[in-house]
Amino acid sequence: MVAGKRTGAAKGSRHNKKYWRKGTDITDIEDAIHVKSREAATGGIIDDMKDEDIFTVDRTSTSKKSEEPKLTRKQQAALDKITRNITIEKTALPKPTGKVLKKPAKLPRGNASVKPKKAKVVKKKEGFDVWTTDLTPTIPKNKTLDNEMAAEHYLKIVKKKQPKAPGKAITTLLPAVEVAQGGASYNPESAEYEEYVGRIAREEQKLIDSEEKTKRGIEPQWEKVTTDHERFLEMAEGLRIHPKFNEEEEAETSEVVEEATVKNAPVSCERLTKEQKKKKAKAQGIEKEEKRRLEEKAREKDAHNVYRTKQIHKELDDEEKERHEESEARKKKKVLNKLTKRQKLGRGKFVDAEDPFLLQEELTGNLRQIKPQGHVLDDRMKSLQRRNMLPIGGNKAKKLKTSLKHKIVEKRNVKAVVKGSRVI
Amino acid sequence: MKDRFKQKYTAGAAVAYMSRKQALKKLQLTLKDFRRLCIIKGIYPHEPAHKKQANKGSTANKVFYYRKDINFLAHEPIINKFRDYKVFLRKLNHLKAKKEEDKIKKLYENKPVYNLDTIVKERFPTFGSALRDMDDALSLCFTFAMLPHTRVLKEGMIDSCRKLTAEFMHYVIESQSLRNTFISIKGIYYQAEVHGEKITWVVPHERGLPHVTDVDFTVLVTFVEFYIAMLGFVNFKLYQDIGLFYPPQIGQIVEAEEQETEDYKEKIYSLAKPLAKRKDVEQVEDSEPLDLLGEDSDALAQKVRETKSIKTMFKGAVFYLNRECPKEALTFIIRNGGGVVGWEGGPTDLKADAKNITYHVVDRPMDKMEVNRLYVQPQWVFDCLNARRKLPTEKYMPGVALPPHFSPFTSEKAGDYIPFERLEELRSMGKDVAELEAAIPKTMDELPMRKKEVKPEKPKGIHIVTGQMHKKSKEKFHETVEKGQELKMRELMISKKHQRVYHSMKTTFKRNRNDALKLKKKAKMAKAAAV
Chain A
9 MVAGKRTGAA
19 KGSRHNKKYW
29 RKGTDITDIE
39 DAIHVKSREA
49 ATGGIIDDMK
59 DEDIFTVDRT
69 STSKKSEEPK
79 LTRKQQAALD
89 KITRNITIEK
99 TALPKPTGKV
109 LKKPAKLPRG
119 NASVKPKKAK
129 VVKKKEGFDV
139 WTTDLTPTIP
149 KNKTLDNEMA
159 AEHYLKIVKK
169 KQPKAPGKAI
179 TTLLPAVEVA
189 QGGASYNPES
199 AEYEEYVGRI
209 AREEQKLIDS
219 EEKTKRGIEP
229 QWEKVTTDHE
239 RFLEMAEGLR
249 IHPKFNEEEE
259 AETSEVVEEA
269 TVKNAPVSCE
279 RLTKEQKKKK
289 AKAQGIEKEE
299 KRRLEEKARE
309 KDAHNVYRTK
319 QIHKELDDEE
329 KERHEESEAR
339 KKKKVLNKLT
349 KRQKLGRGKF
359 VDAEDPFLLQ
369 EELTGNLRQI
379 KPQGHVLDDR
389 MKSLQRRNML
399 PIGGNKAKKL
409 KTSLKHKIVE
419 KRNVKAVVKG
429 SRVI
Chain B
210 MKDRFKQKYT
220 AGAAVAYMSR
230 KQALKKLQLT
240 LKDFRRLCII
250 KGIYPHEPAH
260 KKQANKGSTA
270 NKVFYYRKDI
280 NFLAHEPIIN
290 KFRDYKVFLR
300 KLNHLKAKKE
310 EDKIKKLYEN
320 KPVYNLDTIV
330 KERFPTFGSA
340 LRDMDDALSL
350 CFTFAMLPHT
360 RVLKEGMIDS
370 CRKLTAEFMH
380 YVIESQSLRN
390 TFISIKGIYY
400 QAEVHGEKIT
410 WVVPHERGLP
420 HVTDVDFTVL
430 VTFVEFYIAM
440 LGFVNFKLYQ
450 DIGLFYPPQI
460 GQIVEAEEQE
470 TEDYKEKIYS
480 LAKPLAKRKD
490 VEQVEDSEPL
500 DLLGEDSDAL
510 AQKVRETKSI
520 KTMFKGAVFY
530 LNRECPKEAL
540 TFIIRNGGGV
550 VGWEGGPTDL
560 KADAKNITYH
570 VVDRPMDKME
580 VNRLYVQPQW
590 VFDCLNARRK
600 LPTEKYMPGV
610 ALPPHFSPFT
620 SEKAGDYIPF
630 ERLEELRSMG
640 KDVAELEAAI
650 PKTMDELPMR
660 KKEVKPEKPK
670 GIHIVTGQMH
680 KKSKEKFHET
690 VEKGQELKMR
700 ELMISKKHQR
710 VYHSMKTTFK
720 RNRNDALKLK
730 KKAKMAKAAA
740 V
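Protein chains in written order, with this note's numbering: chain A, 9 to 432; chain B, 210 to 740.
For the record, the hints were derived by calculation from the structure and aren't laboratory data. Treat each hint with caution, since some may be false.
What the hints assert, rightly or not - Keeping only pairs whose Cα atoms sit at most 25 angstroms apart, straight-line, the calculated PhoX-like set for lysine-lysine is:
(1) Lys-167(A) <-> Lys-651(B)
(2) Lys-167(A) <-> Lys-729(B)
(3) Lys-172(A) <-> Lys-705(B)
(4) Lys-295(B) <-> Lys-176(A)
(5) Lys-164(A) <-> Lys-265(B)
(6) Lys-176(A) <-> Lys-419(A)
(7) Lys-265(B) <-> Lys-342(A)
(8) Lys-651(B) <-> Lys-705(B)
(9) Lys-340(A) <-> Lys-705(B)
(10) Lys-167(A) <-> Lys-295(B)
Unchecked claim - Footprint (simulated), chain B over chain A, 3 or more residues, beta carbon under 8 angstroms:
(11) 190–200
(12) 318–324
From the three backbone atoms N, C-alpha and C, an ideal C-beta is built for every residue, glycine too.
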């Protein structure tokens, strides 16, 4: 409803029923009813009619289309077949009564002929001699690459041929299989066995010692944990104790005190006497003089070096030669170290395998009752690591936190101060 | 013109090396695949000489590879197979979740596989280079053949290890090339000489391969995967060389299907029966040159004689193995020496009471013995091979405390203490032990006693004697004194740098001598006590 057209009752409040009855604009509805009644009188309501009653399909061509290519007989037949298939009503095939085990194979589409499926032949790999057969890749026959370079390029691009391998660096000079020592025999000779086991025992002892050393390092050296007894003594300080007990304690305590006190030497602050000062100054003077004299002498010697150039040359030559030899030896040693020693590969630390051993009573001396020790696989793994063929993994070192978080804590005595509390 | 403003880390170690992380990024591989690739291609990490330079200023411990190695790896077609496999796994997961059995089956049929032939040839351009790397391959395969299969250790891999190792042992038997063996508490070591290369490997004891926890099986499996491919080719070539069928065949030729049967496989794995030889290959007999060499003490002649004695050691002997003996090891050594082996229920099916048995190997005390055969403990067979001859069996009778089993791999130095038994063994092997024997220090009672010369008594009092010309003494004593003085002078002349080494050498020599002397005395005492 338009705002300016309010008449009569409509002038009042819109909330009232009166407005609903008289103020509503009903011209739209009236118009619509009028149109509808008129349509009904003239032939029928258009909205209710079907499309076919109102429109007719124009089937005559208005513009000349390019003529469709004439179908061949075969094509026409195919088209007919398709149209026939479309029009035929589809009826479901009767369901098979028995159990269908397998889905029927799909028929070939279109006019493809059915090929008999070849059974997959499991080809047993025949052995052949790699070292005499030529394994260089060849170009497929359908590619005509008469140019040799082009062929080479093609093979490289399709990754059939690989570039020349880089020279292999020798990783180690150590033997792949290290034979166990004579002492590790299942029925060893006594001297050999003793030597072998002795070596293992010595290594073990070394380990124990080092462990002990670290333990000693961790524990406080000068401090002592106070025992109950000591505590009691402290409490009983000044009390009269039976002399029998007192004696013992006296001795004990005195010892402890001796151990624990490490005092610095007293700092002395003494002035020099006049005499001493004089002496010192004199000594300094003499020292200075001596230094000057030596310098003079060296200068003189340098001046004389002009006459012994030949000798100096020789000395220099000798030195150079020596240096060269040393460097050569160093180089050799470096290479040898690289080929025989463990390199640092990765974060982990190399731990050598422990040599297996049997105790004397476990050595039965016959093959039937032998107790195998150690594991060959473990040995292999260590050997590979020793020969620098495998990296050794380890955990990343944990980083320490560099910045700390602020934390707000209200202390108890602060908390206790509330409104109305008095200042003492 | 020289570059004035050269950037840091654009030359030298910084570009020659590549960290593992960088390599992974370049190759677009996961760490697991990269590890496998490196092992298969034989590319190993290296520690750079200038670590800080290679690491672009950081000193963190990283794994470095040569950049050229990684660039080479990038061309490897196997990488694509790895990626295919990843796709395969993803598809498989998908189909398994959907429970489409048909498609899963089909997918498995088209599982991507890779071929290691070219890589074997690339890593070992010649047959000799492959033989030189056999130690690792054999040791690993022999161990794997004994393991139970797990999720990582596939059954197929264990089977092929078993097959390939059995084939190799057959080759060693047929070519009679086993030289040394040593039973340690870890396992049994063998050494064979194939095409002039000494191949050493270790076989764990049949019983008791304990479970290991700190071994990364995925790494070892990759090694074994490559070694299986390599061993297949090496075995083929070895078989071709001595005119055997490959795969090996026993007796008459059988069809391929029959070769797959468990029964036939067991027969081959037992090593007890000789392999069939091809008719079209001439068998080479190399017994002639020995006569030409004659009784020469040349090292070569010595070696030839040794091999000859190994080959004919057990010729004509028939061994019966009691059931508690380690069959594989014993069969291997006996047949290597030309003997015939059998046991109850074995492929040769030798009965314990057969008349033709010459040696009965037994590892437990026996109460019933037959007269016409010799009873020995298993160690006898091992010791015979090391001694290169048939040792007397008295010391090896069942129930007797065995003589010590020595390692043939240790070489004796002059001046060490060498036990009497070992000396005997060495002597029996035809080695010259005179030098070793002479170097053993003598105890006091062995030294020749110096006779006290009886001097004529001087007449007392004043007397006359005929004069004597003073002549230089020709006595040995003086000579030795002179020599000693000379030595002392020479020692004085040694430079300070070398003096220390000299003295330490001298002390060790002395110590060794004393030790040897002590041991010898001890042995003597023990011997006296036993008597």
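Below or equal to 25 angstroms on CA atoms is what counts here, so check Lys-265(B) against Lys-342(A).
23 angstroms, holds
Quickly compare the C-alpha distance for Lys-167(A) and Lys-729(B) to 25 angstroms and report which way the hint goes.
Not satisfied, since the Cα-Cα distance of roughly 69 angstroms exceeds 25 angstroms.
Assess, step by step, whether the Cα of Lys-340(A) is no farther than 25 angstroms from the Cα of Lys-705(B), and give holds or violated.
Holds, because 24 angstroms separates the two Cα atoms, which is no more than 25 angstroms.
Chain B covers the segment 190–200 of chain A, three or more CB atoms within 8 angstroms, holds or violated:
Held - the segment 190–200 of chain A has 10 residues with a Cβ nearer than 8 angstroms to chain B, which meets the minimum of three.
Sort out whether Lys-705(B) lies within 25 angstroms of Lys-651(B), counting only the CA atoms.
Violated - the C-alpha atoms of Lys-705(B) and Lys-651(B) are around 33 angstroms apart, more than 25 angstroms.
For the pair we were handed, Lys-164(A) and Lys-265(B), check the Cα-Cα distance against 25 angstroms.
33 angstroms, violated
Given coverage of the segment 318–324 of chain A by chain B, tested with a Cβ cutoff of 8 angstroms and a minimum of 3 residues
Check failed, 0 qualifying residues.
Given the proposed pairing of Lys-172(A) with Lys-705(B), does the C-alpha separation stay at or below 25 angstroms?
53 angstroms, violated
Restraint check for Lys-167(A) with Lys-651(B), where alpha carbons must lie at most 25 angstroms apart
73 angstroms, violated
Hinted pair, alpha-carbon criterion (25 angstroms max): Lys-176(A), Lys-419(A). Please report holds or violated.
Roughly 70 angstroms separates the two Cα atoms, so the pair is violated.
Can you confirm whether the C-alpha distance between Lys-167(A) and Lys-295(B) stays at or below 25 angstroms?
20 angstroms, holds
Restraint check for Lys-295(B) with Lys-176(A), where alpha carbons must lie at most 25 angstroms apart
Given that 25 angstroms is the threshold and the Cα spacing comes to 30 angstroms, the pair is violated.
Going down the numbered hints, you'll see the structure goes against 1, 2, 3, 4, 5, 6, 8 and 12, while the others check out.
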